[in-house]
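Chains A and B are the protein sequences, given in the same order. The numbering of the first sequence is numbering that gives the first Met the number 0, which starts it at 0 and goes up by one. The numbering of the second sequence is numbering that gives the first Met the number 0, which starts it at 0 and goes up by one.
The reader is advised that the hints may include incorrect statements.
Note: identical chains are not told apart, hence a pair may lie in one copy or across any two.
Derived lysine-lysine pairs resembling DSSO-like cross-links, with alpha carbons at most 30 Å apart [unchecked claim]:
1. Lys128 - Lys114
2. Lys119 - Lys92
3. Lys141 - Lys128
4. Lys52 - Lys114
5. Lys136 - Lys52
6. Lys18 - Lys132
7. Lys91 - Lys132
8. Lys52 - Lys109
9. Lys18 - Lys128
10. Lys52 - Lys91
11. Lys114 - Lys141
12. Lys119 - Lys52
13. Lys87 - Lys141
These are computed hints drawn from the structure, not numbers from a lab. Computed from a predicted model, the values in this text were never measured in an experiment.
There are 2 protein chains.
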Amino acid sequence: MNEFVFSEIETGYECSFTKEITMEMEQAFREITGDVNPLHQDDDYAVSVGEGKFRQHVSFGMLTASLLSTVAGVYMPGRYSLIHSIDKISFKKPVFAGDVLTVSSVVESKQEDLKLLQLKVTIKNQDQKCVAKAGMKVLVLK
Amino acid sequence: MNEFVFSEIETGYECSFTKEITMEMEQAFREITGDVNPLHQDDDYAVSVGEGKFRQHVSFGMLTASLLSTVAGVYMPGRYSLIHSIDKISFKKPVFAGDVLTVSSVVESKQEDLKLLQLKVTIKNQDQKCVAKAGMKVLVLK
Numbered sequence: 000m001n002e003f004v005f006s007e008i009e010t011g012y013e014c015s016f017t018k019e020i021t022m023e024m025e026q027a028f029r030e031i032t033g034d035v036n037p038l039h040q041d042d043d044y045a046v047s048v049g050e051g052k053f054r055q056h057v058s059f060g061m062l063t064a065s066l067l068s069t070v071a072g073v074y075m076p077g078r079y080s081l082i083h084s085i086d087k088i089s090f091k092k093p094v095f096a097g098d099v100l101t102v103s104s105v106v107e108s109k110q111e112d113l114k115l116l117q118l119k120v121t122i123k124n125q126d127q128k129c130v131a132k133a134g135m136k137v138l139v140l141k
Numbered sequence: 000m001n002e003f004v005f006s007e008i009e010t011g012y013e014c015s016f017t018k019e020i021t022m023e024m025e026q027a028f029r030e031i032t033g034d035v036n037p038l039h040q041d042d043d044y045a046v047s048v049g050e051g052k053f054r055q056h057v058s059f060g061m062l063t064a065s066l067l068s069t070v071a072g073v074y075m076p077g078r079y080s081l082i083h084s085i086d087k088i089s090f091k092k093p094v095f096a097g098d099v100l101t102v103s104s105v106v107e108s109k110q111e112d113l114k115l116l117q118l119k120v121t122i123k124n125q126d127q128k129c130v131a132k133a134g135m136k137v138l139v140l141k
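The whole structure should be built from the sequences, with the hints applied where relevant.
Structure follows, in structure tokens:
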């Protein structure tokens, strides 16, 4: 876990990590949220309702989005992090169980008075296709 | 699970549900994301770093945000849902394990050509304090 304090962080700093999305993660997410929608578990339903756009059940968008927690809490800034707000999350392509996501963040700007970082986050799959983009504000507690 | 199709949904439609945030949910979220930040598990650390603002470890903001999946996938529109994008999530107050959250959504507008719903979501705790607000666009598949 990184332990950046606010004064150490510079605009342009980048971090990234990779994470495989598994059916076990999907099941855990389903239990947490109670989102039992068949699109996220029933392959036949997903293929049918997606009119060929989905090859199997589609992973939860908000499961992919949950990796924003990891960005802030482990990488940038790490230990002294508290997410202030999410500006935007755009889901660009479906994510499927078995996909290996690379989550990359860059510090776009710093707001000195409130110790806020503005991060831009890009999430790509193993084919280098962008599956999601997000902007977030993170408070640095130290 | 609701099964609204796009043509049935009207601006102003409201849905809500309640969900208790438990330490088991936090542990599952930690395992999914790998966000092992001590703010989200170590009570003493949270009290100390929060300078008295936190009475115990703070729940993951993105765990609260994950309930947006439930809003779309189970309630509005339910079965034929696919989250298109999140416009904004503002975390207003900390959430703690044991809090019982009420998640309320309202259809703000419909975009007929793309079958998109614009939802406004408000999340309150058991003391009727707003802990998070969000806006999201949901594609209705039918």
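Now for the hints, and whether the structure bears them out:
When the C-alpha separation of Lys128 and Lys114 is checked against a cutoff of 30 Å, the pair qualifies only between copies, where the shortest distance is 25 Å, while the shortest distance within a copy is 33 Å. In this homomeric assembly, Lys119 and Lys92 come within 30 Å of each other (Cα to Cα) both inside a single copy, at 18 Å, and across copies, at 23 Å. Taking the closest pair of Cα atoms, Lys141 and Lys128 come within 30 Å of each other only across two copies (27 Å); inside a single copy the shortest separation is 36 Å, beyond that limit. Taking CA atoms no more than 30 Å apart as the test, Lys52 paired with Lys114 passes between copies only; the shortest distance there is 17 Å, against 43 Å inside one copy.
Taking the shortest Cα distances, Lys136 and Lys52 sit within 30 Å of each other only across copies (19 Å), while inside one copy they are farther apart (33 Å). Taking the shortest Cα distances, Lys18 and Lys132 sit within 30 Å of each other both inside one copy (16 Å) and across copies (28 Å). In this assembly of identical chains, the alpha carbons of Lys91 and Lys132 lie at most 30 Å apart whether taken from the same copy (8 Å) or from different copies (23 Å). For the identical chains of this complex, Lys52 and Lys109 are inter-copy neighbours only, at 23 Å across copies versus 40 Å inside a copy, given an alpha-carbon limit of 30 Å.
For the homomeric pair Lys18 and Lys128, the shortest alpha-carbon distance inside one copy (15 Å) is at most 30 Å, but the shortest distance between copies (35 Å) is not. Only within a single protomer do Lys52 and Lys91 lie at most 30 Å apart by alpha-carbon distance; the minimum there is 13 Å, versus 37 Å between protomers. Taking CA atoms no more than 30 Å apart as the test, Lys114 paired with Lys141 passes inside one copy only; the shortest distance there is 8 Å, against 45 Å between copies. Taking identical chains as interchangeable, the C-alpha atoms of Lys119 and Lys52 lie at most 30 Å apart whether they share a chain (28 Å) or sit on different chains (28 Å).
Taking CA atoms no more than 30 Å apart as the test, Lys87 paired with Lys141 passes in both settings, with 26 Å inside one copy and 25 Å between copies.
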